[in-house]
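There are 2 protein chains.
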Amino acid sequence: MKFGVRIMPRSVLLDTQGRTVEKVLRDHSYELDSLRVGKYVEIELNEKEAGRAEEKIKAMTEFVLYNPLIETFVIERREG
Amino acid sequence: MKFGVRIMPRSVLLDTQGRTVEKVLRDHSYELDSLRVGKYVEIELNEKEAGRAEEKIKAMTEFVLYNPLIETFVIERREG
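Chains A and B, in that order, are what the protein sequence lines are.
The first sequence begins at 1 in our numbering and counts up one residue at a time.
The second sequence begins at 1 in our numbering and counts up one residue at a time.
Derived by calculation from the structure, the hints in this document are not laboratory data.
It cannot be assumed that every hint is accurate.
For identical chains, the list gives no copy identity; a pair is met inside one copy or between any two copies.
[Claimed, not checked] Straight-line C-alpha distance at most 25 Å; calculated DSS-like pairs for lysine-lysine:
| no. | residue 1 | residue 2 |
| --- | --- | --- |
| 1 | LYS48 | LYS23 |
| 2 | LYS56 | LYS23 |
| 3 | LYS58 | LYS48 |
| 4 | LYS23 | LYS39 |
| 5 | LYS58 | LYS23 |
| 6 | LYS2 | LYS23 |
| 7 | LYS2 | LYS48 |
| 8 | LYS39 | LYS2 |
| 9 | LYS56 | LYS2 |
| 10 | LYS39 | LYS58 |
Make a model of the complete structure from these sequences and hints.
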């Protein structure tokens with residue numbers, strides 16, 4: 001069972017990468033309203049029960065993947 | 001119009017972050033088949049026509065967001 005974990009900075013203030021990229025794009029005449037840069041983690045598990053699999057993904061994410069002080073995360077089920 | 005760009009390493013060999021995180025999890029008895037770490041970029045545009053908006057997102061991604069030698073990307077339309 002395959003999952004994706006999308007981890008995004010809590011606010012624009014914390015998103016230094018995003019602000020840098022946004023400025024570069026604007027300086028090159030690209031028009032955009034906002035841009036944020038986060039992480040995406042794809043995890044595959046050998047677990048058939050969706051609820052239990054999601055619990056495991058959540059535990060891994062909280063253990064090592066994200067920093068609760070500066071980030072939020074969303075888990076999404078993926079095909080394949 | 002809001003889009004997400006998911007940028008992932010082309011292969012496990014190139015995914016040093018992913019291999020490190022996977023090892024840490026395994027060393028702590030988490031069971032998983034595979035793990036990859038990529039980037040996620042959220043972009044909002046003031047553009048009502050979906051096709052044109054996606055073209056712009058693609059141009060930005062190719063200009064500055066991803067490295068074609070080591071990464072692939074997928075653009076997805078997002079709510080809100």
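The hints, checked one at a time:
Proximity of LYS48 and LYS23 under a CA criterion of 25 Å is satisfied inter-copy only: 23 Å between copies versus 44 Å inside one chain copy. For the identical chains of this complex, LYS56 and LYS23 are inter-copy neighbours only, at 16 Å across copies versus 38 Å inside a copy, given an alpha-carbon limit of 25 Å. For the homomeric pair LYS58 and LYS48, the shortest alpha-carbon distance inside one copy (16 Å) is at most 25 Å, but the shortest distance between copies (36 Å) is not. In this assembly of identical chains, LYS23 and LYS39 lie within 25 Å of each other by CA distance both inside one copy and across copies; the values are 20 Å within and 18 Å between.
For the identical chains of this complex, LYS58 and LYS23 are inter-copy neighbours only, at 17 Å across copies versus 34 Å inside a copy, given an alpha-carbon limit of 25 Å. Proximity of LYS2 and LYS23 under a CA criterion of 25 Å is satisfied inter-copy only: 18 Å between copies versus 35 Å inside one chain copy. Proximity of LYS2 and LYS48 under a CA criterion of 25 Å is satisfied intra-copy only: 10 Å inside one chain copy versus 33 Å between copies. Both within a single protomer and between protomers do LYS39 and LYS2 lie at most 25 Å apart by alpha-carbon distance, with minima of 17 Å and 17 Å respectively.
When the C-alpha separation of LYS56 and LYS2 is checked against a cutoff of 25 Å, the pair qualifies only within one copy, where the shortest distance is 12 Å, while the shortest distance between copies is 30 Å. When the C-alpha separation of LYS39 and LYS58 is checked against a cutoff of 25 Å, the pair qualifies both within a copy, at 15 Å, and between copies, at 19 Å.
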